[in-house]
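Chain by chain, the residues run as shown.
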Amino acid sequence: MSLSRKTAVAGVFEHPTRFAPDKTLFQIMAESVRGALDDAGLTIKDVNGLCTTGIGMSGMGIVGFCDYLNLTPNFVDSTSIGGSSFVAHTAHAAAAIHAGLCDVCVVVYGSTAASSRFAIGTGGGGAGGGAGDPCDQYEIPFGPTTVGSYAMVAQRHMHDYGTTPQQLAEIAVTMRLHASMNPAAKYRDPITVEDVLASRIISSPLHLLDCCIISDGGGALVITSAERARDLKKKPVYILGAGETVRHAARGQRDFLEIAAAQSGRLAFERAGVAHKDIDMAMIYDSFTITVLVTLENLGFCKRGEGGAFVSGGRLRFDGEFPINTDGGGLSSNHPGMRGIFLVIEATKQLRGECGPRQVKDCKIALAHGTGGTLGTRHSGATLILSNQ
Amino acid sequence: MAEQTQAKKYSKPLPHLDEENRPWWEALQRHELYIQKCGKCGDLRYYPRALCTNCMSSDTKWIKCSGRGKVYTFTTTYQNQAPGFRESLPYIMAYVELDEGLKMLTNLVDCTPEQAKIGMPVEVVYEDVTPAVTLAKFRPAR
Chain A
1 MSLSRKTAVA
11 GVFEHPTRFA
21 PDKTLFQIMA
31 ESVRGALDDA
41 GLTIKDVNGL
51 CTTGIGMSGM
61 GIVGFCDYLN
71 LTPNFVDSTS
81 IGGSSFVAHT
91 AHAAAAIHAG
101 LCDVCVVVYG
111 STAASSRFAI
121 GTGGGGAGGG
131 AGDPCDQYEI
141 PFGPTTVGSY
151 AMVAQRHMHD
161 YGTTPQQLAE
171 IAVTMRLHAS
181 MNPAAKYRDP
191 ITVEDVLASR
201 IISSPLHLLD
211 CCIISDGGGA
221 LVITSAERAR
231 DLKKKPVYIL
241 GAGETVRHAA
251 RGQRDFLEIA
261 AAQSGRLAFE
271 RAGVAHKDID
281 MAMIYDSFTI
291 TVLVTLENLG
301 FCKRGEGGAF
311 VSGGRLRFDG
321 EFPINTDGGG
331 LSSNHPGMRG
341 IFLVIEATKQ
351 LRGECGPRQV
361 KDCKIALAHG
371 TGGTLGTRHS
381 GATLILSNQ
Chain B
1 MAEQTQAKKY
11 SKPLPHLDEE
21 NRPWWEALQR
31 HELYIQKCGK
41 CGDLRYYPRA
51 LCTNCMSSDT
61 KWIKCSGRGK
71 VYTFTTTYQN
81 QAPGFRESLP
91 YIMAYVELDE
101 GLKMLTNLVD
111 CTPEQAKIGM
121 PVEVVYEDVT
131 PAVTLAKFRP
141 AR
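These protein sequences, in sequence, are chains A and B. Letter 162 of the first sequence, counting from 1, is numbered 162 in this note's numbering, and no numbers are missing. Letter 56 of the second sequence, counting from 1, is numbered 56 in this note's numbering, and no numbers are missing.
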């Protein structure tokens with residue numbers, strides 16, 4: 001049974017805040033829900049499904065947020081697989097609506113990662129979420145960090161394929177160019193490849209400017225049936241296909257340059273019934289520059305080892321051959337600990353033609369791919385393909 | 001007494017020992033490194049588990065490693081705010097591919113960041129960090 005075009009993104013909202021030291025994450029989330037419902041032309045009374053997770057809430061935080069908003073939904077999903085969670089939530093919401101479990105499902109995220117001073121990339125013992133799981137016991141004694149885990153993938157990619165620091169740096173430069181056209185972006189002053197290479201090494205070979213920023217923020221999506229979405233305020237953005245999976249050390253036998261995107265991407269393309277050449281723009285989780293490069297390879301936009309050339313020469317710019325992350329990405333716009341929700345928000349805005357100076361021309365089909373966790377130890381991947389037709 | 005003083009000073013995170021991994025950690029205390037092999041299907045695995053991920057058999061054989069391998073990948077960490085590590089920057093974290101074929105996360109020691117290379121032959125060194133815990137780290141092969 002295909003889900004293609006049975007459901008749609010009917011409303012989106014990106015919270016404008018990048019620093020909110022006196023707001024709770026529930027306030028940011030609630031304001032985001034209101035914004036997305038306003039965008040769709042729906043009210044809180046229409047909502048009977050909810051998906052959320054976060055880095056600042058408890059394991060049962062979704063129940064607490066229902067308490068805050070006085071919600072008693074028929075469908076709840078708090079899948080927590082890192083920054084990709086909200087891309088997966090979107091697919092879960094679509095499946096739930098198609099199965100009749102709910103009618104209008106809100107996907108929401110909020111975080112005060114910056115003002116709470118979470119050392120997301122370079123703190124804590126565990127590379128991923130925690131440090132208490134059995135798999136963590138063989139890692140925490142050796143000083144894993146989130147940056148370090150991605151850095152080990154970058155090191156191996158450079159070794160195997162001659163990928164250069166300059167090629168990785170161009171990804172950061174392109175994201176900053178896009179951020180300069182996004183009034184809400186946290187960092188908007190242009191940077192050069194030389195600036196990236198001159199920034200200090202956090203974990204070799206990754207420099208400070210190869211790493212995403214830390215901000216506060218939040219956002220929300222409203223998902224409903226395609227039929228209902230057609231009667232709402234905004235032009236529907238249809239969900240064509242999705243896929244999700246995980247990758248890990250595979251009992252000591254992993255090929256570390258093969259990532260979750262290879263499987264989640266293949267599933268999403270098969271289910272959507274579209275080809276790579278049909279994708280007009282993509283939102284690729286950019287926790288680090290290397291994340292973008294290996295994700296593009298694993299999604300199949302280029303062959304393994306060709307990522308360095310693929311991202312070079314301005315090809316990823318909003319006006320380039322393969323535009324990605326037109327909001328400025330996690331590298332320059334916002335990264336409140338997890339940013340999967342913003343991938344779906346920006347892709348939706350592009351498909352509606354709402355992106356002003358950074359609008360991709362003739363954008364009909366977009367892909368969003370979230371990576372959660374740590375690429376070199378354990379991570380998740382979730383892919384979503386959307387269309388305005 | 002000397003050991004107790006060392007245990008007090010050691011501030012990096014320590015692993016949790018339990019039924020399925022205790023033999024492995026105890027072997028490290030004797031300065032021996034093991035991986036597991038399924039007694040039923042022969043599948044090799046690291047880290048230690050109570051059952052085979054391929055056939056789910058609990059029949060587990062312990063294979064003693066040569067302690068030699070090659071660097072599969074590595075990173076030199078210059079920023080980590082976690083206690084124990086922020087005092088020992090920079091340090092090198094690496095996956096070593098053991099001669100037996102499995103990759104394990106570890107630290108490279110007695111090795112400068114400039115020296116570290118993918119493919120570099122390495123050998124195990126045992127670091128007795130507390131009376132209960134010995135860590136397997138690797139240095140350039142001599």
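The hints are simulated quantities; they were obtained by calculation from the structure and are not laboratory data. Mixed in with the good hints, there may be bad ones.
[Said to hold, decoys possible] Computed list of lysine-lysine pairs in DSBU-like fashion (alpha-carbon distance at most 30 Å, straight line):
1. A/Lys45 / A/Lys23
2. A/Lys303 / B/Lys70
3. B/Lys40 / A/Lys303
Quick rundown of the hints versus the structure:
A hinted pair counts as satisfied when its Cα atoms are at most 30 Å apart, and A/Lys45 with A/Lys23 qualifies at roughly 24 Å. Annotation: proposed proximity of A/Lys303 to B/Lys70 holds, straight-line Cα distance about 27 Å (limit 30 Å). At roughly 38 Å between alpha-carbon atoms, B/Lys40 and A/Lys303 are farther apart than 30 Å, so this suggested pair is violated.
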